[in-house]
Amino acid sequence: KAGVTQTPRYLIKTRGQQVTLSCSPISGHRSVSWYQQTPGQGLQFLFEYFSETQRNKGNFPGRFSGRQFSNSRSEMNVSTLELGDSALYLCASSLGTGTGGGETQYFGPGTRLLVL
Amino acid sequence: AQTVTQSQPEMSVQEAETVTLSCTYDTSESDYYLFWYKQPPSRQMILVIRQEAYKQQNATENRFSVNFQKAAKSFSLKISDSQLGDAAMYFCAYSGRGSTLGRLYFGRGTQLTVWP
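Chains A and B supply the protein sequences, listed in that same order.
All residue numbers for the first sequence refer to this note's numbering, where the first residue is 40 and numbers rise by one.
All residue numbers for the second sequence refer to this note's numbering, where the first residue is 1219 and numbers rise by one.
Calculated directly from the structure, the hints in this document are not laboratory data.
What you are looking at is a predicted structure, and each value in this text was computed from that prediction instead of being measured.
Hints may contain errors.
[To be verified] Pairwise CB distance ranges, derived in the manner of DEER restraints:
1. Arg102/A <-> Glu1228/B: 31 to 37 Å
2. Ser1246/B <-> Thr119/A: 34 to 40 Å
3. Ser1248/B <-> Thr53/A: 47 to 53 Å
Ideal placement from N, C-alpha and C gives every residue a C-beta, glycine not left out.
Whenever a hint applies, use it, and build me the whole structure from the sequences.
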């Protein structure tokens, strides 16, 4: 089975622009979670989608949004980019069959975003 | 709120030796899951091992094993017969149920260096 894929892998934007990142989960996985990784804050949870619905959301401003399509692919969008948004953005997929937690999340290679 | 603490920012080990990475967590939940992920320089997050809190038996995966102490809320990772390829950042992660659905809480990581 192919793993989680993320596009693009690298991105350079300027302040004030917006950006859209894409994540394709492992075939058969219905849950996609997004994380931001920075040296200062570590790994922080952005949101999680299951069956096109956002089930959980972290503590990020409204500039960060996401969506999931019927084929489970997910996108996240950041509007009005700030310098502090420079980070590695990781997505992870899991089966999403349970109502409880604990499912193993499988991560993509990440998108490295640099905001100038 | 759930918190995960890794008190060792850096560790080093000689090739073929054994090393133990520490992790403690704080939660009020009784049912949860714990994970160790490794992140090599490629930044791809890779699952190392998973532990279900209701299971008394410590999880093992080849050279990797955990020491899970539920009462002490401790979850350490032991790497036996260390190899050069084990060099990476190791993250301890927690997953609960209910409101934390689809979300992993990560520690700040331990950078492991393996010396030949």
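| request: Check the following: the C-beta atoms of Ser1248/B and Thr53/A are separated by a distance inside 47 to 53 Å. | output: Holds: the Cβ-Cβ distance is about 48 Å, inside 47 to 53 Å.
| task | Indicate whether the distance between the beta carbons of Ser1246/B and Thr119/A respects the range 34 to 40 Å. | result | For Ser1246/B and Thr119/A the Cβ distance comes to about 37 Å; the hint holds.
| query | Has the hinted range 31 to 37 Å been met by the Cβ atoms of Arg102/A and Glu1228/B? | reply | Roughly 34 Å apart at Cβ, these two residues keep to the hinted range, so it holds.
Checked against the numbered hints given earlier, the structure satisfies every one of them.
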